Every structure is written in C-alpha cells, then in structure tokens.
Amino acid sequence: MQTASLPRTPTGAQPGPAVSAGTSPETDSAPRLPGRSAHLDLIQRAYRAFGSRDVAALLETLAPDVEWIHPDGMAAYGLGGTKHGHAGVREFLSHVPNVLGGMRLQPEEFVQSGDRVVVFGTRQVTSRRGRTETLSFVHSWTLSGGKAVRMEDIFDTAAFHRLIES
19 MQTASLPRTP TGAQPGPAVS AGTSPETDSA PRLPGRSAHL DLIQRAYRAF
69 GSRDVAALLE TLAPDVEWIH PDGMAAYGLG GTKHGHAGVR EFLSHVPNVL
119 GGMRLQPEEF VQSGDRVVVF GTRQVTSRRG RTETLSFVHS WTLSGGKAVR
169 MEDIFDTAAF HRLIES
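Residue numbers (my numbering): 19 to 184.
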C-alpha cells in the first residue's frame, strides 16, 4: 500500500461554479518521484484538471465507459446516482452550477492499494446564496488500462443538504 500526501494549504471558496483542487509542484511531464506510481500520477492529474476547470483534461484521465458515482441521497438535487461514460460526467459537471455557487476540492491524502486509489480531502462548498462551509470527502478511484474506470464520491449528504438549503 502506498500513501502520498499533499501539503495542507489554506483555501477559500471562490465565487462561481468552479471546482478546483490542490495541486502538487510537479507538472504532468515531470519525472515520477520515488514511491509514486502511475496510478497516483493519473489521479493527481484528474484533480489538477478539476482545479483548472479543464473538462477535456479530466476526461483524458477517465475511461470512455467510466462509472461516476455520487450518493443516492443527492438525487433530489440531480447530483445523486451513477453517471456512465464521458457524456454522463459532462452532464453531471454541467448540472453542478445549478445547485451550488462554487466548490473547491482540496485532496489531502492519497492511499493506493493495487488498482484502487482512495483520496481523503475537504471541499469548500458555497451555496447559491453565498454561504460557504468546509466538508470532508472520500473519493474511491478504480483504475484499469491506465484510466480511471470508476470514481465514487463519499460524503455526509445531510451536511451537504443543509448547505444547499441555507
């Protein structure tokens, strides 16, 4: 099992529908650091794509038939359940600004075991009315053939509901 952590940095939510992520100092073309795997590199690239709102770069990290899973408890807002493929991910991402005023992801710890990478982090979430809270998340990524084939977002849906409704 491999673990990699990014330094914690203060983040504030930014207005608008941005979804951004913490970044590491390396670029995509930088040599791999000792102890880092291709899986960790791929997932960190996905978070950089989130951070720069680069949907095309995000989709490059995902298999064409990816499963993009969010808690069923978010269905009332159109954000729950499983989306399939690149079209499903695009649909999901395009719907987020209808529900939230903004979001910034801060992945903090990456744990790899085989073809699975689990990411622990926080997100600064801003409601459409401007209230911002820091909420924890766990993302479970499954990889195959150099791409993410499954991403499951795990979080406290009750806290998310309270924020959306605030």
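Check the hints yourself; a few may be wrong.
[To be verified] Derived CB-CB ranges, DEER-like:
hint	residue 1	residue 2	range
1	S162	G99	17 to 27 angstroms
2	S55	A93	31 to 41 angstroms
3	R108	G163	18 to 28 angstroms
4	R71	R147	21 to 31 angstroms
5	S70	N116	16 to 26 angstroms
6	G164	G91	11 to 21 angstroms
7	D72	G163	36 to 46 angstroms
8	L153	A93	38 to 48 angstroms
It is worth saying that the hints were derived from the structure and are not from the lab. Being a predicted model, the structure only gives us computed values, none of them experimental. Cβ atoms here follow ideal geometry from the backbone N, Cα and C, with glycine treated the same way.
Checklist entry - Does the structure break any of the earlier hints, and which numbers would those be? => result 6, 7 and 8
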